[in-house]
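J.: Given next are the chains, with one letter for each unit.
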Amino acid sequence: MKRIYLFFSSLRESLLADLLVLAVLTVALFVFMDAYGMYRYITMTYDLTQKAGLHARAVYFCPSVDMDNMETEEQLRAIKSEVEALPGVQEVLIDRWGTAACGDMPVKVTASTESLRRMTPAPDRGKWFEEGINADGSVNVVVAGKQFNDAQIGDEIPVQIGPERKPYTLRVCGVLSIPAVVPSFGGYGSQVLTSTFFKSESGLLIGEDAFDTLFTEDIERISSQFFIDFDQNASQETIDSAQEALTRLGGYQTLEDILRDTRAFNATTFKQVMVRPIFYVVIAFVLLVSISLLYVFKRLKTFSVYYLLGYSKRRILADMAWRAGLIALVAGAVNFAYLHVYSSMVAAGKIEAVVGACYFGAEADGMLLLLVGGMFLLTMLASALVLRGKSAVVFLRESRD
Amino acid sequence: MIKLTNVNKFYPVGKTNFQALADIDLEIGKGEFISIEGESGAGKSTLLHVLGLLDTFDSGEYWFEGTDVRRMGDAKASALRNRRIGFVMQDFALIPHKTVLFNVMLPLLFSKTPLRGMRKRALDALEQVGIAEQAGKRVNQLSGGQRQRVAIARALIIEPALILADEPTGALDSQTSRQILELLTKINAARGITVVTVTHSKLVSDYCRRKIVMADGRIVQDQAAPASALAEGI
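Each protein sequence line maps, in turn, to chains A and B. Note that my numbering has the first sequence beginning at 1405, numbered continuously upward. Note that my numbering has the second sequence beginning at 66, numbered continuously upward.
These are computed hints drawn from the structure, not numbers from a lab. Among the clues, some could well be false.
[Stated by the list, open to error] Examples of chain B residues lying across from chain A (beta carbon under 7 Å, computed):
#, residue
1, Y76
2, V78
3, F83
4, D133
5, V134
6, S143
7, N147
8, R149
9, P172
10, L174
11, G182
12, V285
13, A289
Values in this document were obtained by computation on a predicted structure and should not be read as measured data. Note that beta-carbon positions come from the ideal geometry of N, C-alpha and C, so glycine has one too.
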């Protein structure tokens, strides 16, 4: 009680300065975390692609088909079958989806293989399915995006599929909240980056076996491009031969080249997106440390009186720690609320996003903790160095000068 | 009550060590009123700081009310200082922008004393030094004499065994100085609180019953002061 009384008594003396530091620190952290979220959204696709565990010489393939042709889908399937038969090819990762009726609303239902799940962020709630279809015939589903953000684990979603509107029950085992980034192989260009393979969308993700049960080929769609993964044990010559065959069927870029180009792009993006926020945070750091040091020097006389009356140096340092800690804590709490409360409200569709697409995962919490903790420690270190350098007698003597 | 045995203290000065205290042997009993005198640089303030547990020493022993303080860390020394030693300094050592009452309560705020009753104790202490009516004023609104009374009240509130005064009248005119010295004498006589004061002033010295003279870090004279008309007149 007395320590609290003393603490707030001293806080009143530097209230304006503390509020200024708090405001600057909070805004600097906000700008930084926001930019970090945007940067993470961009780099996340790189991380997810790496997590897929594809062979180093895997390729992203674009078949040569006439996209205006009515038989495009058939041509794509034919090329896919031909590719799957090539020696050395272990797996073809392709987007497969269909449309189901969920009440009056159409909803996209996507087949999720094990490889594709490795390229998808873990559900924000619940988990991926182990079995595609349960013993009772219900289908396990991970729901994604704004349309399903209020879904609870265990909820049942009735859908109708196909021209006969055959009914099925989907049981929610996981929820992917906004931005609900999922693999999507719908783009190709002269320079392919990992962001090409992902899209933020709303829909239902079910196992491949379940998808094959619910959708026949005539009501299923596939993507125009796909990943081709090679057997890890295949020889160089086998892979070279397969890649040469691919050049006859379309165009491709190797995963190695894609990752390299993405790294270069991310580095440029970092400079564009992060440099200024980092500068702001550094400024906030410097301001916090400077004002804390000013606070120490201004209160040197008070500290010397305190010491005279039996307040130990350790307690003086603890009081300074409380002050620095409180400022850092409040600034951190405001930003923590932004990361979680704001994100949840955007994910739930309760408010529109006021900034660009951001991704705040556990790393964002860790980054915030690192920044807040670093600021606190740096402030304490600077203040403690000033005090430790002085013996009590020097304290008293200097306070009189 | 206090016993120093063969106490030495050195300060590093450049590449050498300056001896601030040399072979100090000193015993101070309860209820004494002592002046420590000497030229500048004699070691008076250093001795006062050692007595007040504000500074450490390099060799020797220091026993305070039966406790060996030599091995005490800063936290324990601060706690002992808070409970048993009051200070009256030349520059008053008060927090000028805070109220008189806050300044007097400060030692209790640092102690284990419960918050309840603190205000009353502070007002009682101010009553004893004759300025209870100034309790609500800020210190920087008071005269020099009033500020020194506040400092004395702050020293008294912890019911100390020892009051250490460093040039307590250095910033005061002669009339105010006498008032302060009479107050300290009264406290010493009525409550048996030991008072040790560092001074250059003969006026202060005349109020003390024991005079210690220092030179070059040593005690060169330690004797009962001759009875003076001033001291006996109190």
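J.: With reference to the structure, classify each hint as holding or not holding.
T.: How the hints compare with the structure:
A distance limit of 7 Å between C-beta atoms decides the matter here; for Y76(B) the minimum to chain A is near 10 Å, and the interface restraint is violated. Violation of the interface hint for V78(B) is found here, the shortest Cβ-Cβ separation to chain A being roughly 14 Å, above the 7 Å cut-off. For F83(B), the suggested interface contact is broken, since its CB lies about 14 Å from the closest CB of chain A, more than 7 Å. Of the supplied interface hints, the one on D133(B) is violated, with its beta-carbon coming no nearer than about 19 Å to a beta-carbon of chain A, more than 7 Å.
With a least beta-carbon distance of about 14 Å to chain A, the hint placing V134(B) at the interface is violated under the 7 Å criterion. The beta carbon of S143(B) is positioned within 7 Å of a beta carbon in chain A (closest approach about 4 Å), and the interface hint is therefore held. The restraint placing N147(B) at the interface with chain A holds, with a minimum CB-CB distance near 2 Å, inside the 7 Å limit. A least Cβ separation of about 9 Å between R149(B) and chain A goes past the 7 Å threshold, and the interface hint is therefore violated.
Given the 7 Å rule on beta carbons, the hint for P172(B) holds: about 5 Å separates it from the nearest Cβ of chain A. With a cut of 7 Å, the hint placing L174(B) at the interface with chain A holds, because the nearest CB-to-CB distance is about 5 Å. With a cut of 7 Å, the hint placing G182(B) at the interface with chain A is violated, because the nearest CB-to-CB distance is about 12 Å. Using the Cβ-Cβ criterion of 7 Å, the hint placing V285(B) at the interface with chain A is not satisfied: the shortest such distance is roughly 23 Å.
The beta carbon of A289(B) comes no nearer than 30 Å to any beta carbon in chain A, farther than 7 Å, and the hint placing it at the interface is violated.
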